[in-house]
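K.L.:
All chains, full assembly: derive it from the sequences and hints.
Which chain is which? The protein sequence lines are A and B, in order. The numbering of the first sequence is this note's numbering, which starts it at 1 and goes up by one. The numbering of the second sequence is this note's numbering, which starts it at 1001 and goes up by one.
Please note: incorrect hints may appear among the correct ones.
[What the hints assert, rightly or not] Listed next, the in silico DSSO-like pairs over lysine-lysine satisfying Cα-Cα at most 30 Å (straight line):
#1 Lys62(A) to Lys1121(B)
#2 Lys1010(B) to Lys62(A)
#3 Lys1038(B) to Lys22(A)
#4 Lys70(A) to Lys1019(B)
#5 Lys1010(B) to Lys1121(B)
#6 Lys1010(B) to Lys70(A)
#7 Lys1038(B) to Lys1121(B)
#8 Lys1010(B) to Lys22(A)
#9 Lys1092(B) to Lys1121(B)
#10 Lys1121(B) to Lys1019(B)
#11 Lys74(A) to Lys1010(B)
#12 Lys1121(B) to Lys70(A)
#13 Lys1121(B) to Lys74(A)
#14 Lys1038(B) to Lys70(A)
#15 Lys74(A) to Lys62(A)
#16 Lys22(A) to Lys7(A)
#17 Lys62(A) to Lys1038(B)
#18 Lys62(A) to Lys1092(B)
#19 Lys1121(B) to Lys7(A)
Hint data in this document are derived by calculation from the structure and do not stem from the laboratory.
Spelled out, the chains give:
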Amino acid sequence: MAQSAAKLSVSIPGELAEAVRKRVGARGLSGFVARAVAHELEREGVRVLLADLGDQLGQPSKADMARARKAWPKR
Amino acid sequence: MAEALILDAKAVNALANPKVRGAQAQRAAAILQLAYQKRALVRVPAPVLAQVCRGVRHDSAVNHLLNNPGVRVVELSRTAAQQAGHMLARHKLSSAHAIDAFVVATALQFDTAVIATADPKDIRRLTASFSRIGIFAL
Chain A
1 MAQSAAKLSV SIPGELAEAV RKRVGARGLS GFVARAVAHE LEREGVRVLL ADLGDQLGQP
61 SKADMARARK AWPKR
Chain B
1001 MAEALILDAK AVNALANPKV RGAQAQRAAA ILQLAYQKRA LVRVPAPVLA QVCRGVRHDS
1061 AVNHLLNNPG VRVVELSRTA AQQAGHMLAR HKLSSAHAID AFVVATALQF DTAVIATADP
1121 KDIRRLTASF SRIGIFAL
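P.N.:
If you want it as structure tokens, here you go:
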């Protein structure tokens, strides 16, 4: 089932508006903004999870972070 | 497309029960932190839930994790399931490794991905030919 759409009016810096229009065109703007907002909400969720883990476990060790960086594939 | 951190069953359990899973949870937190820094998505392949869900009385910690908007479950599509089957055949693995193959097939849906797993040996066999997938051993 299609989700209902809500209209939002937002203000963003002119340069940013121009860059995004150039990238996706006027018709692709809503989809682009929706994806960006969804991604930011996800990131906020991960930030909250990390804060909770930090409270329980402390911050990740330098050694574990180094292993994590080594495991991450290069783009 | 995006980068992603893919959680297997042990990674889900570690993040859901950090106090119980001590060292594994600390390592899982490290790869999660890096995923956050890289703006990567955090995903759990749906078949993994068959390994971690053990009834309403036991699932509250897992549900709490999965209710976090930053941790999304990826449904198993026909394409991914068939791709997983092909991987098993190519590596002469039985369907006992099906969930590992679903995890790898999910990772392949992204430009680059890291799989957080406590069983790196099994996963590594399946990812050997995919340089865009990394493995982080918990």
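K.L.:
So, for every hint listed, does it hold in this structure?
P.N.:
Consistency of the hints with the structure:
1. With a CA separation close to 24 Å, the supplied pair Lys62(A) and Lys1121(B) stays within the 30 Å bound.
2. Between Lys1010(B) and Lys62(A) the CA atoms are separated by roughly 22 Å; this keeps the pair inside 30 Å, and the hint holds.
3. For the given pair, Lys1038(B) sits about 25 Å from Lys22(A) by alpha-carbon distance, which is consistent with the 30 Å threshold.
4. Distance restraint check for Lys70(A) and Lys1019(B): the Cα-Cα separation of roughly 26 Å lies within the 30 Å cut-off, and the hinted pair is therefore satisfied.
5. For a cut-off of 30 Å, the pair hint linking Lys1010(B) to Lys1121(B) stands: about 14 Å separates their Cα positions.
6. Pair hint Lys1010(B) plus Lys70(A) holds up; C-alpha atoms about 20 Å apart against a cutoff of 30 Å.
7. Taken as a hint, the Lys1038(B) and Lys1121(B) pair is honoured in the structure, with Cα atoms around 26 Å apart against an allowance of 30 Å.
8. For the hint pairing Lys1010(B) with Lys22(A), the CA-to-CA distance comes to about 44 Å; that exceeds 30 Å, so the pair is violated.
9. Pair hint Lys1092(B) plus Lys1121(B) holds up; C-alpha atoms about 15 Å apart against a cutoff of 30 Å.
10. Under the criterion of a C-alpha separation no larger than 30 Å, the hint pairing Lys1121(B) with Lys1019(B) is consistent with the structure, at around 26 Å.
11. Taking the CA atoms of Lys74(A) and Lys1010(B), the gap is about 25 Å. The hint holds against a cut of 30 Å.
12. Distance hint between Lys1121(B) and Lys70(A) is fulfilled; the C-alpha atoms sit about 17 Å from each other, no more than 30 Å.
13. Taken as a hint, the Lys1121(B) and Lys74(A) pair is honoured in the structure, with Cα atoms around 21 Å apart against an allowance of 30 Å.
14. Taking the CA atoms of Lys1038(B) and Lys70(A), the gap is about 14 Å. The hint holds against a cut of 30 Å.
15. Distance restraint check for Lys74(A) and Lys62(A): the Cα-Cα separation of roughly 20 Å lies within the 30 Å cut-off, and the hinted pair is therefore satisfied.
16. For a cut-off of 30 Å, the pair hint linking Lys22(A) to Lys7(A) stands: about 22 Å separates their Cα positions.
17. With a CA separation close to 17 Å, the supplied pair Lys62(A) and Lys1038(B) stays within the 30 Å bound.
18. For the hint pairing Lys62(A) with Lys1092(B), the CA-to-CA distance comes to about 39 Å; that exceeds 30 Å, so the pair is violated.
19. Taking the CA atoms of Lys1121(B) and Lys7(A), the gap is near 49 Å; set against the 30 Å cutoff, the hint is violated.
The structure fails to meet hints 8, 18, 19 from the earlier list, while all remaining hints are met.
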